[in-house]
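Protein chains: 2
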Amino acid sequence: MTETPSDLKAYIDTLAENAQAAVSALGTSSGQARNDALCHAAAFIRTRSGEIQQANRKDVAAAEAHGLSAAMIDRLKLDDARIEAMAAGLEAIAALPDPLGAKLAEWDVPSGLSIARISTALGVIGIIYESRPNVTVDAGGLCIKSGNAAILRGGSDSAHSAALLGQAMRDGLSKAGLPEDGVQLVGTTDRGAVGHMLTAVGKIDVIVPRGGKSLVERIQAEARVPVFAHLEGICHSYVAAGADRQMAIDILVNAKMRRTGICGATETMLIDEAIAADMLGPITSALQEAGCEVRGCEKSRAIIDNLVPASEADWSCEYLDAILSVKVVKNTKEAIAHIKHYSSGHTESIITADSAAIQAFVTELDSAILMINASTQFADGGEFGMGAEIGIATGKLHARGPVGAAQLTSFKYVVTGNGQTRPL
Amino acid sequence: MTETPSDLKAYIDTLAENAQAAVSALGTSSGQARNDALCHAAAFIRTRSGEIQQANRKDVAAAEAHGLSAAMIDRLKLDDARIEAMAAGLEAIAALPDPLGAKLAEWDVPSGLSIARISTALGVIGIIYESRPNVTVDAGGLCIKSGNAAILRGGSDSAHSAALLGQAMRDGLSKAGLPEDGVQLVGTTDRGAVGHMLTAVGKIDVIVPRGGKSLVERIQAEARVPVFAHLEGICHSYVAAGADRQMAIDILVNAKMRRTGICGATETMLIDEAIAADMLGPITSALQEAGCEVRGCEKSRAIIDNLVPASEADWSCEYLDAILSVKVVKNTKEAIAHIKHYSSGHTESIITADSAAIQAFVTELDSAILMINASTQFADGGEFGMGAEIGIATGKLHARGPVGAAQLTSFKYVVTGNGQTRPL
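Order-wise, the sequence lines are chains A and B.
What the first sequence shows, in numbering that gives the first Met the number 0, is residues 0 to 423, in sequence order.
What the second sequence shows, in numbering that gives the first Met the number 0, is residues 0 to 423, in sequence order.
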C-alpha cells in the first residue's frame, strides 16, 4: 500500500486501462448483477467488521502520532455504528432504480426513423478524497450502481482502512460475476499519483474531488480531465418583504446552525429594509441564543446594536462555523445583485410570501439550487430523493447540484429504421 | 478586422466579460424576444444581400490570390441561394420550441419539498471554425435561441463576409431589445487569439470547434475549457446474417456515396461470413458502379477478385472520399469487437432482421449513435428533428451526438417549501 511504483504515470495508466476494460462489462451488465455486488460488499463489511476496525486503529494511531487535527481524526475513526452505516448505505444504493438503460426520450421523425435516447455508463471516474474511509464505500458503491469504474485515491492517513474497504467492493464485484477492477484503489501514497490522474485525458473520464477547499482548489487548477466539484458553498438566505416572521427565524436558525460545517449551510443573510426594523432583531437574537456570532452591515447595526461589524471580506467568506453575516438590502433587485456578485453558485433561499419576489429570485439567479421558504441545508442528494451523492457540483456542464447515480451516466441514441436511406 | 490588439489575452478577456454580461440578460429573456432577434437578423441578411456578396467577393479574391483549395473556396462563396438559406435557417431556428425554462423533471420528497429541474442557458460559448461564412449565422443563431452568448472566431479568409454577418446578428439582438454582445466576433486574425480562448477557464464555458481534423486536434490538445467536438467520424455499417439483400445494397450505397465528405459517411463495411458469398458481390458491385473504390480484407478478396487489398491502416482511416474498406467477420461478436477497437464513437449501423444481433449491437456498443436498418448519413441534427446543429459530439460529458439548441443548455433546481427546516 505504501510502496511507490517506480513509474507513477505508467502505474496510473495501467489502473485506467484496467478500469476501461471493466467498464465494458460493468456498463452492459444487468442491474441485478450490480445490485448483487453492492449487497455482497455490504456483507463483507459486516462480517469483517472486527478486522476493519483493527486496520482503522492502526490508521488512527499513526494519524495521532503525526498530529492530525481532532476533526480529521474524528472523520477517520470507524466504530460499530459507522461500519453498519457503510453497509446499510450500500444496500440503500442497491435499492435505487437502475440508472442504466433507461429510455430518457423517444420520438419519431418524418423519415420514419424512431429515435430513443438511452442512458449509459459514463466511464472511468477518478475520486480524490481526504482520509475518510466511508468515501471509499459511498463513492465506490455509486460507481458500481451506475456501471462506471472507480479509481479511488483516498488520503494516506486512511490507507489501512481503505485497503480493506476497497477489498470489500472488489470482493462484491467478483462474487456477482463482475470485473473486480470496477473498483481500484491507488496503491501508493505518493502525491505524484494525483497529478497523473488529473492529466489522464482520454483515460479517466471525470474526476470527483471530495474534501476541503484547498484540495478542490488544487484539483481544479491542475486538472485537464473534467471535474465535477464545488469549491465552496457561499449560500444565502434572503428574507424578503412579505416573509412570515416565525418562518424566517426558524429557517435562518436551521440554515446556519443545524450543521455549520457543511457546504449547504447559509453564510450570509440578506433582509429587505422595509421589514428589517420588525424582523432583524428577533432573527439575530434567535441566532445568537443558538450560539451564532452575527456580523452586520452598517444599516443592520443601526437597527441592532449588538452585532459585530462586517467587512467587505465577510461577503465572500465561507465560515463553515457558527458565524453569519447580515446585510440589509433595499429590495429584491439589490438582493439578487448581491448574490450574483458574491455567491459561489451552490444554493440560495428566499423566504417570503411575495410571488413577484419569488419569481424574480428563481428566474434571475442561476445557482445550482434555488429554494423557496426552506432551509439551505436541504441541499443534499438524500434530501433530493437521490439516495446518495458523490458530491455537489456547481459547474454547468453535465452534472449540477447533488451528483447521484443518475448524474454519473451519459447517453446514446438508438435509431430504428426499416431500410431508410437519406435523400440527397 | 485585421488590426491586432496589443494585448491579445486582455482582448479575449474583455470579449468574455461582455459575453457574461450579455448572458445575464439573454438567459432570462423571453423566448419571443430571442425569436424576434433571429427574425430581425434574417431580415438584415436578406435586405443587405448585395452588400454581403460584395464583401464576400473581396474574401474570395484574396483567398484565390493566396491559393486556397477549390473546395475551401467553394465553402467560402456566397450567392443568392446561400444567402437565402442562411436567412431561412435563422427563421427555422426561431420556429423551434424554446429550450429555456422547460421543466425537465418534477417530484416531491418526504420532507414536503417540491423539486423541479429547470433548463437554463449554458453561458459563454466559443466557436472556432474555418472560413465558412454560414457558420457565423448558424452557430450565432443557435446561441441566441438558447440564451447563450457566442464568441465567434472564423477563418481569416472569411473576415469581410463574417464581419457583416456578425453585424446582422448583433443588429437583430439590438432591435429585439437584447444585448448585442450576445454575439461577438473576434476582431483579429492573429492566431494567438484562439489560444487565449482555449485557456479562458471560468470565462468561456465551452468551446465548439467546427472544421477538419487538424483544427479539432489542435483545439482538443490545447483547450483547458471543455470542448464539444468529434475528431473524426470512422463510421461502420455492419451487414449481419439475416439482412435483406436489397436493403443492404441500398443502405451501403447511400451510407458511403450520398455525400462522401461528411462525418456520418460510412468508412468501413463489416459483413458476416455466412452471407458474404451471397451478398458481398452485389453490394460491392453496386458501390463500384456508383464510383466507389472498395478495399477488402483477405477473406473478402477470396470471394470477390476485383477489390483493392486493404491494409491495417484502412481500418482507422476516415477517407472522406469515395473509398470503402470491407471486412468479413465471423459473427456479431467479432463485428462488435472490431467496431470497439477502430470506431471513433460517432455512428454505427447494423443491417439485419435478426433481433438477437440487433440487441447485442445496440447494448454492447457505446458510440453516440447506433442505427438499425438505416443509413449512417442520418446522423444529423436536422434529421433528428433538432432543427439545426452546432456540431456532433462524440464525448460523453453533457452533449453527445448532434448538438442543437436544447443541448446548449444547463439546468438548475427550484425547490419549493412552506417553511421546512431540516431535522438534525
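Worth double-checking, as some hints may not be accurate.
If chains are identical, the list can't say which one is meant, so a pair holds when it fits in one copy or spans any two.
To be verified - Think about it this way: if two alpha-carbon atoms lie no more than 25 Å apart in a straight line, the pair counts; the simulated SDA-like pairs of lysine to any residue are:
1) 174 <-> 311
2) 212 <-> 301
3) 202 <-> 87
4) 339 <-> 240
5) 57 <-> 113
6) 212 <-> 261
7) 76 <-> 97
Hint data in this document are derived by calculation from the structure and do not stem from the laboratory.
Hints, verified against the model:
1. Taking the shortest alpha-carbon separations for residue 174 and residue 311, neither the intra-copy value of 57 Å nor the inter-copy value of 39 Å comes in at or below 25 Å.
2. For the homomeric pair residue 212 and residue 301, neither the shortest alpha-carbon distance inside one copy (34 Å) nor that between copies (64 Å) is at most 25 Å.
3. In this homomeric assembly, residue 202 and residue 87 never come within 25 Å of each other (Cα to Cα): the closest approach is 32 Å inside a single copy and 42 Å across copies.
4. Within a single copy, residue 339 and residue 240 get their C-alpha atoms as close as 20 Å, which meets the 25 Å cut-off; across copies the closest is 60 Å, which misses it.
5. Taking CA atoms no more than 25 Å apart as the test, residue 57 paired with residue 113 passes in neither setting, with 59 Å inside one copy and 46 Å between copies.
6. When the C-alpha separation of residue 212 and residue 261 is checked against a cutoff of 25 Å, the pair qualifies only within one copy, where the shortest distance is 12 Å, while the shortest distance between copies is 46 Å.
7. Proximity of residue 76 and residue 97 under a CA criterion of 25 Å is satisfied in neither setting, with 32 Å inside one chain copy and 51 Å between copies.
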